[in-house]
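Enquirer: Hints are included, so try docking the two chains, each in its own frame, into the full complex.
Protein sequence lines, in the order shown, are assigned to chains A and B.
According to our numbering, the stretch in the first sequence is residues 37 to 395, in order.
According to our numbering, the stretch in the second sequence is residues 265 to 600, in order.
It is worth saying that the hints were derived from the structure and are not from the lab.
It should be emphasised that the depicted structure is a prediction, and the values quoted were computed from it without experimental measurement.
Just so you know, even glycine gets a beta-carbon here, dropped at the ideal spot from N, CA and C.
Watch out, some of these pointers could steer you wrong.
To be verified - Selected chain A positions facing chain B (Cβ under 10 angstroms, derived; list incomplete):
1. Ala114
2. Ala139
3. Lys142
4. Ser184
5. Ile188
6. Ser189
7. Gly203
8. Thr239
9. Glu280
To be verified - Derived CB-CB ranges, DEER-like:
10. B:Ser464 with A:Glu190: 51 to 57 angstroms
11. A:Thr338 with B:Leu531: 41 to 47 angstroms
12. A:Ala139 with B:Arg420: 39 to 45 angstroms
13. A:His301 with B:Gly365: 57 to 63 angstroms
14. B:Asp539 with A:Trp323: 42 to 48 angstroms
15. B:Ala366 with A:Leu89: 52 to 58 angstroms
16. A:Phe194 with B:Pro423: 25 to 31 angstroms
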Amino acid sequence: MIMQYRILPFLCFLIFCFAISKGRAEALSISKMNPAIAAVGEFGASTSDDPALEHPHEILFHGGDLDLYASVDPYFKAELVIAFSDKEVDFEEAYLESMALPAGLKVRLGKFKTPFGKWNTVHGHALPVITMPLSWERLFGDGGLNESGVAISELVPFMPTYHEIIGLVLNGNNTTAFNGAKTRDLLYMGHLKNFFELGGYRTLEAGLSCARGRNNQTDDPALYSLIAGANLIFQWKHFMLPMERALTLWSEVYHSRRETADSSHAVTTHASTGFFVLGKLLFAKRWYATCLYDYSGDPLETGENFNSISAGIAFQPSEFSEFKLEYRRLTEDSHGINPINEFKAMAIFTIGAHGPHAF
Amino acid sequence: MNCSKQFLIAAVSCFTAWAGPLKVIATFPDLKWAAEQIGGAEVKVEALGRGNQDPHHVDAKPSFMLMLNKCDIFIQNGLEQEIGWVPPLLEGARNPKILKGAAGFIDASEGIRPKEIPLSADRGLGDVHPSGNPHYLIDPVCMLTVLENIHEGFVRNRPDKQAYFDENLKASKTDLLVKLIGMPLLKALGPDSVRALLFSDEFAAMIKENRLPAPVEGWIKKAQPFNGVTVICYHQSWKYFTDRFGMTIVGYLEPKPGIPPSPAHLLQMKNKILDESIPLIITDTYHNPKTGNKLAEMTKVKALWLPNLVGGVKEVTTYPGLFEYNLGKILDALSK
Chain A
37 MIMQYRILPF LCFLIFCFAI SKGRAEALSI SKMNPAIAAV GEFGASTSDD
87 PALEHPHEIL FHGGDLDLYA SVDPYFKAEL VIAFSDKEVD FEEAYLESMA
137 LPAGLKVRLG KFKTPFGKWN TVHGHALPVI TMPLSWERLF GDGGLNESGV
187 AISELVPFMP TYHEIIGLVL NGNNTTAFNG AKTRDLLYMG HLKNFFELGG
237 YRTLEAGLSC ARGRNNQTDD PALYSLIAGA NLIFQWKHFM LPMERALTLW
287 SEVYHSRRET ADSSHAVTTH ASTGFFVLGK LLFAKRWYAT CLYDYSGDPL
337 ETGENFNSIS AGIAFQPSEF SEFKLEYRRL TEDSHGINPI NEFKAMAIFT
387 IGAHGPHAF
Chain B
265 MNCSKQFLIA AVSCFTAWAG PLKVIATFPD LKWAAEQIGG AEVKVEALGR
315 GNQDPHHVDA KPSFMLMLNK CDIFIQNGLE QEIGWVPPLL EGARNPKILK
365 GAAGFIDASE GIRPKEIPLS ADRGLGDVHP SGNPHYLIDP VCMLTVLENI
415 HEGFVRNRPD KQAYFDENLK ASKTDLLVKL IGMPLLKALG PDSVRALLFS
465 DEFAAMIKEN RLPAPVEGWI KKAQPFNGVT VICYHQSWKY FTDRFGMTIV
515 GYLEPKPGIP PSPAHLLQMK NKILDESIPL IITDTYHNPK TGNKLAEMTK
565 VKALWLPNLV GGVKEVTTYP GLFEYNLGKI LDALSK
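Looking at chain B on its own, in the form it has when it is part of the complex (with noise of 0.2 angstroms):
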């Protein structure tokens, strides 16, 4: 019986050995790189947007339909923000280990706690999402989450790997934790307190009211200068970043999501700007920059155009590096 048992479980491993890496296609960079971070050698990842794409517009192209058609496991962002194109490609691929419910479909969004969840579903509002803001992969928090979530999907379709994506989570969770708020904190309070302190809202009058056990050094510290600064934003698409980073969004370009600025709408808010001194405009890359660079051109503030994605501008090829650029371009703009 032992014997027989022992066989079983070397075939299974010979079997799983010979199989190869996984092979994980992500909706975007971001989950691109989250998938790399928890599979390591274990898994060969695609990603099928691109980071200056448009998030809720990417093409369904049956080339996609081939490449879902051979993975083992697909990762979607959630939230809705696949809607209008990740239905038709997964009917398309032909593939049911990767269909909503099946062990290779992984929901990065799983856990996430949404902002802006809508009152009501009316397109009258423009393009709204009934489950809330899905734009949470520019919070570095959230991306805790969606390491775990892959984490899940990894050890469901690889138990016999499990050690080693358990491992990985637990580095790349302290990896991302000590570049947001360093090493100091992250010692002094453990990861789970720092993570379930970074989700309250007390972090950031823990920081002004100096409550911390250690001091807070990384991305928050970098962000610290524009605690408090409002900002005037293309599209709905950095609320978990601002929120994060300690600015306030007082105004979008757009004057409903997914509905193009009106010249009126732009005139209200040029005069908003002017009268409560907004000092920047943000741009994400997916969006034509002319419009915030104009406004900032006819009120003399600074316009910026930033990456909501990884891949979303060329130097930013990881996800730090999209925090590393986004802060420096902030503090170099509010600087001048």
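Just chain A, same shape as in the assembly (with noise of 0.2 angstroms):
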């Protein structure tokens, strides 16, 4: 899945093209035609008493995206978001999106964050906590359900609030949940986002997700995984200062039915549920506090069941930096091993024309 380098090319095309526009006299009129080009840079420091850990105390530099974002022609816009790693450089998400089609239907093709429940359509550096949930990580792995395929959506019509329905076909090559890309089989993914205004800068958004795709790679016996999600996000904002004051309730929740086969090809399905709950408080123009709980089933039938719950502090001097800090205390179920305490810290900076994040 990752492809390590193989974009280097294109990106050196990339820069090149830039450089030569820029050198031009006409580069004023070539480079309005150039795409918002933007990079993020995330850095981060952590420490931590978990004995299996090889560095337990660490300070690096995470990586970053390279996010080029233009309209096509008047039919089609385009984003490709380039993350980079220490290691490893892979598209996070190239899509094409379509902007006129009747009747109010949008057509997405390529690789993109898919929208099982909200957590997974966010990129990281947007995201309000450091450590991301486990309830959301064990089921889909690093990088979420993050895939590519089809995705065509439309506005329930004749309703006087907001529903979009989503259908995705997917091609199934996720790291954990759903891993059935060399197979004949797809997966298939359903959404329905629904949106409420409550008064009073008060908003709730409601969502109801379902996947179904292979999670193994033979056909003898092949087996599926089911997974329904649910999420929930409340927003309040103060009337009069609402860069000030603000309060985001967020939780999703994971049920997965997964197939798994014996030695003997007897086909069992194991069922696990995750979820978490996040509250964040922005209490002053620039700061916010967060405090996260997440309990993580079995969703791959390791035996482990995981508690934990974190609480963190972040300012932001600008729209464009961030400095986050965050304490965890992570809780294994079943096996009675000592709690892990970390400390996180990370800084994020944007440079570049960023376009703005989804409500």
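Expert: This is the structure we're talking about:
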């Protein structure tokens, strides 16, 4: 899945093109045709009392993203998000999206963060916590359910409130939940997004998601995973000072039914559930605090259930830089291992024309 | 041939009548007011942002996408004021009629001469707008251009109602000019000459040297007592207003646009107020008045918390009301 340095020639070509365009007398008019370019960098430090870690104390540059975004023509827009880490370069997202289809239809083609819940759609640097919830990460892997495929969406007509229905057909090349890219099966997913204005700067978003696809590479027997999820996000903002007082309560729950086979090819279904509840409080201009409770069942049948609670504080000098500090206490339920305590810090910066994140 | 042409016109008229009023969405209440002046009974207008919301940071809520999905015309302030929230709304609205370049997209800033265009678009300078200061709605002369842009957009979408829109444009421009400079001067010079004069830098000098063919009245006259007064503002949102009414901004509480004030910068501002005897601090109602009030308390000057947009305070429900309120408050503050 990871294309180590395979896209480097493409990047060099890109830089070469921009360099040429900048160098010319007519650079201004040409550069206006360039896509919006932004780069995000993440630098972090962590310390942990986990005895299993080789390097419990770390200071490292995690990497970053290079985002390119533009309209292709009056009918499509395109976005490329290239993720860099210390060892790998990969397309985190690369997609084409329709802008002018009739009847409010929207089609997205390419590789993108799929709308399984809300958490899965947000880029890591835009999330309010440093450590991802295990309920999500153990189910979908490091980068989440980030797949190649086609998504078709439509607003539910004749409704006074916002309801969007999305159907997706994906390659099914996830590192954990769905691993059937080399089989004849595809991964099928659906999401229903509902949004309600509650009045007085209070909003509620409620979503339902479901995905079914192969979790093994062989056809004898063919094994499937079915995952259902729900997300609920409540937001409140102060009427006069929305940039200084705001509260977000965010919860997602995932239920997984994963087929497994024993040596005699007898198929059994392993069920597990995970969820998280996040609170984010903006208590002053540029400052917010977070608290996350996370429970991860046993989605991969390893016999481990995890509970974690974390608390953090973040300072944003501007829209384009952020410093976060976080403490997490992680408990493993079934084996009675001592709780693990972690402290993490992260600095995130953005340069260039970064587009706004979705609400 | 003639008969079929008449039939076609009748059919188009029937369809237009059946289609009902144009559904218009504006980004701010000031633009909503302007659209209602031009559109009258032929439009139904709603605003996305509120007057007390920071116009740079309105949430791109899905409920707004739904409103945009169902509308015929979208009006934005432009000059990158809404760059942080309008693009995702237009993309999510799934309405090709209102995308940039389409007939239903109106950029109200077309033809506005922006102030404070930065020499370079560098974030080290704060939240700069590469095209210039976008807070032009607080200048009634700029509103004349906005009314024309909206008129053009409405005519583009409903050519059969052009006469009605023309009449409304003329009436609303006259009404605004009367409120700004008074009827005697408008009658003496005519609307086109008045407008050209207001856009030039000569107008203030002509008032001062008594070179105008008729006495000036309206808001310009009301503002004459504070002509030449220096002020400190929280954000760069008052430049068009102070230039129009003869005040001078000599500092900002934000050290750079969009960057909240630091203690060191506030100390600098405090010294400036005391050294230069600056009588007034203005904070717009979408910023916390706490900083301005604290500084006013330390320096014994007046601090005002004024609406920069219609609806910024509950008393201001119309565009003319915005100037009546702000000019009245400034006069009160300076006369005490």
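Enquirer: Look at each hint and say if it fits the structure.
Expert: Hints, one by one, checked against the model:
The interface hint given for A:Ala114 is broken, as the beta carbon of that residue sits about 12 angstroms from the closest beta carbon of chain B, more than 10 angstroms. With its C-beta approaching chain B no nearer than about 9 angstroms, A:Ala139 sits inside the 10 angstroms limit, and its interface hint holds. For A:Lys142, the interface hint holds, since its Cβ comes within 10 angstroms of a Cβ in chain B; the closest pair sits about 6 angstroms apart. Below 10 angstroms, beta-carbon pairs count as interface contacts, and A:Ser184 has none with chain B, the closest being about 21 angstroms; its hint is therefore violated.
Checking A:Ile188 against chain B: minimum C-beta separation of about 12 angstroms lies over 10 angstroms; hint violated. Hint status for A:Ser189: holds, given a least beta-carbon distance of 9 angstroms to chain B, under 10 angstroms. Violation of the interface hint for A:Gly203 is found here, the shortest Cβ-Cβ separation to chain B being roughly 15 angstroms, above the 10 angstroms cut-off. Taking 10 angstroms as the C-beta cut-off, the interface hint given for A:Thr239 holds, the closest approach to chain B being about 6 angstroms.
With 10 angstroms as the threshold, the beta carbon of A:Glu280 comes within range of chain B, its nearest partner Cβ sitting at about 6 angstroms, so the hint holds. Between B:Ser464 and A:Glu190 the Cβ separation comes to about 53 angstroms, which falls inside the hinted range of 51 to 57 angstroms. For the hinted restraint 41 to 47 angstroms between A:Thr338 and B:Leu531, the CB-CB distance of approximately 59 angstroms leaves it violated. For A:Ala139 and B:Arg420, the Cβ-Cβ distance of about 24 angstroms falls outside the hinted range of 39 to 45 angstroms, so the restraint is violated.
The hinted range of 57 to 63 angstroms is satisfied by A:His301 and B:Gly365, whose Cβ atoms lie roughly 60 angstroms apart. In this structure the hint that B:Asp539 and A:Trp323 lie 42 to 48 angstroms apart at CB is violated, the actual value being about 33 angstroms. Checked against the hint of 52 to 58 angstroms, the C-beta distance between B:Ala366 and A:Leu89 comes to roughly 56 angstroms, which is consistent with it. Checking the proposed 25 to 31 angstroms range against A:Phe194 and B:Pro423 shows it holds: the Cβ atoms sit about 30 angstroms from each other.
Figure legend: structure checked against the earlier numbered hints; hints not met, in rising order: 1, 4, 5, 7, 11, 12 and 14.
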